[in-house]
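Starting from the known structure of chain A, arrange chain B on it as the hints suggest.
Residues per chain, in single letters:
Protein chains: 2
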Amino acid sequence: MAFVTRQFVRSVSSSSTASASAKKIIIKHVTVIGGGLMGAGIAQVAAATGHTVVLVDQTEDILAKSRKGIEESLRKVAKKKFAETPKVIKTPMTSQKTFESLIDFSKALGKHPVSCKDTPGFIVNRLLVPYCMEAIRLHERGDASKEDIDTAMKLGAGYPMGPFELLDYVGLDTVKFIMDGWHEMDAKNPLFQPSPSLNKLVAENKFGRKTGEGYYKYQ
Amino acid sequence: MAFVTRQFVRSVSSSSTASASAKKIIIKHVTVIGGGLMGAGIAQVAAATGHTVVLVDQTEDILAKSRKGIEESLRKVAKKKFAETPKVIKTPMTSQKTFESLIDFSKALGKHPVSCKDTPGFIVNRLLVPYCMEAIRLHERGDASKEDIDTAMKLGAGYPMGPFELLDYVGLDTVKFIMDGWHEMDAKNPLFQPSPSLNKLVAENKFGRKTGEGYYKYQ
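The listed protein sequences derive, respectively, from chains A and B. Each step along the first sequence adds one to the number in full-length UniProt numbering, with nothing skipped, and position 145 is 145. Each step along the second sequence adds one to the number in full-length UniProt numbering, with nothing skipped, and position 26 is 26.
Hints should not be assumed to be uniformly reliable.
Note: identical chains are not told apart, hence a pair may lie in one copy or across any two.
The list that follows gives simulated cross-link-like pairs (lysine to any residue, SDA-like), each with its CA atoms no further than 20 Å apart [what the hints assert, rightly or not]:
id, residue 1, residue 2
1, K23, K107
2, K188, T119
3, K87, G142
4, K146, I89
5, K68, I89
6, K154, L109
7, K28, A203
8, K200, E140
9, K188, E134
10, K87, E134
11, K154, V124
12, K107, I42
13, K107, A48
14, K206, L63
15, K111, K146
16, K176, H29
17, K23, S95
18, K154, G110
19, K117, R137
20, K188, T31
21, K24, A2
22, K200, G171
23, K154, Y169
24, K188, R137
25, K107, K217
26, K154, N125
27, K24, M1
28, K97, A187
Worth flagging that the hints you see were computed from the coordinates, not collected in a lab.
Bound-form chain A, shown alone (with noise of 0.2 Å):
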């Protein structure tokens, strides 16, 4: 795995013109842009699954970070059970080869790739973020303690965590970014009304576990 600082990379779209031949493409060697969380952990599978990859990012400060984290995973054998399934996504312009190509390279990362258009959160994120709110708004609404709802919906349906422990999870930044964005596109859906005890924590910088706070109080 190599790691490379580029302000800019031209080359890559010019591999998306073989979808144009006769045969679906083999991807064997892999650039990935954008050394963060999901940058780096896509390289490091890529890696390990026996493709030649690169990691480019803006700065060697990003990049070194990129590296620690690659190497802390590597140790700890992280379960990443949010990345098991890549989404290939088919937008218009998408070529039949070019897709099949990309749920082939899926597989050969050892993941079970699921196939979507290009709309607003694509699957998980579509059906898991409004069933989050809808948690919110029954805790809002005065029905049951977020404690409660998030016993009821492990033990009563077998969900690894509770509504609120995911959103303190994933973050409440970001799922009020996602919220806000839907909201923007369709702001008579009650589904995508805003939350006021969201807006509240995040106002204050509660952000979930990456905070220490969230809906819960963390360590």
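Chain B in isolation, oriented as in the chain A frame:
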């Protein structure tokens, strides 16, 4: 455990008058009215945790079926994953003593009770049913296949079943019955709008697992 046939059980309501006395009620004797899937399950759990139980229903036939179900369940040590959290509902007429006695009784059954106000769907159904409906709508919009939605929620969110598997498991007739009731109460809420595919399947008597076909086909 006793199996009793009665058209009407008058004495049951008298037990709640004890809530006016000084100390909490310790429930030792349990009368379950209705020997269907839920009633028989409650009777079984109560008997297994040292309570004396009377199971009441209208005919000997129903009780014979209840008895058979309990015997089979004891043989299979059935995993009742949807019955691990009794919801103790506090209405304006529920005294604190009655409420606390029922919390204690739930714990004595080896369960983890949660409390909720008397609102439609309580906690689990109030969150699960709209989430499943949103999954149906995602599919009806043509954004993703039901198989990919199920896969994404199982692998991407760690859920034990995908929403379409859950719908077929619960029963599409039951889900439609719940949705129709909510729609009647709050007709403008997009969350409670009827689904064409759900209505079509129910009209065709395709209720899910129990009829051999719903969103999926079963052997």
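Structure-based check of all given hints:
Taking the shortest alpha-carbon separations for K23 and K107, only the intra-copy value of 18 Å comes in at or below 20 Å, while the best inter-copy value is 63 Å. Taking the closest pair of Cα atoms, K188 and T119 come within 20 Å of each other only inside a single copy of the chain (18 Å); across copies the shortest separation is 24 Å, beyond that limit. In the homo-oligomer, the alpha carbons of K87 and G142 lie at most 20 Å apart only across protomers (15 Å), although the nearest pairing inside one protomer, at 37 Å, exceeds that limit. Taking the shortest Cα distances, K146 and I89 sit within 20 Å of each other only across copies (16 Å), while inside one copy they are farther apart (35 Å).
Neither within a single protomer nor between protomers do K68 and I89 lie at most 20 Å apart by alpha-carbon distance, with minima of 30 Å and 50 Å respectively. Taking the closest pair of Cα atoms, K154 and L109 come within 20 Å of each other only across two copies (18 Å); inside a single copy the shortest separation is 30 Å, beyond that limit. Taking the shortest Cα distances, K28 and A203 never come within 20 Å of each other, neither inside one copy (45 Å) nor across copies (50 Å). Taking the shortest Cα distances, K200 and E140 sit within 20 Å of each other inside one copy (12 Å), while across copies they are farther apart (35 Å).
Taking the shortest Cα distances, K188 and E134 sit within 20 Å of each other both inside one copy (16 Å) and across copies (16 Å). In this assembly of identical chains, K87 and E134 lie within 20 Å of each other by CA distance solely across copies; the values are 18 Å between and 25 Å within a copy. In this assembly of identical chains, the alpha carbons of K154 and V124 lie at most 20 Å apart whether taken from the same copy (18 Å) or from different copies (10 Å). Only within a single protomer do K107 and I42 lie at most 20 Å apart by alpha-carbon distance; the minimum there is 13 Å, versus 45 Å between protomers.
With identical chains, the CA atoms of K107 and A48 are at most 20 Å apart within one copy only, with a shortest distance of 13 Å there and 48 Å across copies. In this homomeric assembly, K206 and L63 never come within 20 Å of each other (Cα to Cα): the closest approach is 28 Å inside a single copy and 55 Å across copies. Only between protomers do K111 and K146 lie at most 20 Å apart by alpha-carbon distance; the minimum there is 19 Å, versus 34 Å within a single protomer. In this assembly of identical chains, the alpha carbons of K176 and H29 never lie at most 20 Å apart, being 36 Å within a copy and 50 Å across copies at closest.
Proximity of K23 and S95 under a CA criterion of 20 Å is satisfied intra-copy only: 12 Å inside one chain copy versus 73 Å between copies. Proximity of K154 and G110 under a CA criterion of 20 Å is satisfied inter-copy only: 16 Å between copies versus 28 Å inside one chain copy. Taking the shortest Cα distances, K117 and R137 sit within 20 Å of each other only across copies (14 Å), while inside one copy they are farther apart (29 Å). Taking CA atoms no more than 20 Å apart as the test, K188 paired with T31 passes in neither setting, with 41 Å inside one copy and 48 Å between copies.
For a Cα distance limit of 20 Å, the shortest separation of K24 from A2 qualifies neither inside one copy, at 26 Å, nor across copies, at 69 Å. In the homo-oligomer, the alpha carbons of K200 and G171 lie at most 20 Å apart inside one protomer (14 Å), although the nearest pairing across protomers, at 39 Å, exceeds that limit. Proximity of K154 and Y169 under a CA criterion of 20 Å is satisfied in both settings, with 15 Å inside one chain copy and 18 Å between copies. When the C-alpha separation of K188 and R137 is checked against a cutoff of 20 Å, the pair qualifies both within a copy, at 16 Å, and between copies, at 17 Å.
With identical chains, the CA atoms of K107 and K217 are never at most 20 Å apart, being 39 Å at best within one copy and 27 Å at best between copies. When the C-alpha separation of K154 and N125 is checked against a cutoff of 20 Å, the pair qualifies both within a copy, at 19 Å, and between copies, at 13 Å. In this assembly of identical chains, the alpha carbons of K24 and M1 never lie at most 20 Å apart, being 25 Å within a copy and 67 Å across copies at closest. Taking the shortest alpha-carbon separations for K97 and A187, neither the intra-copy value of 37 Å nor the inter-copy value of 45 Å comes in at or below 20 Å.
Taken one by one, the earlier hints fail for this structure at numbers 5, 7, 14, 16, 20, 21, 25, 27 and 28, listed in ascending order.
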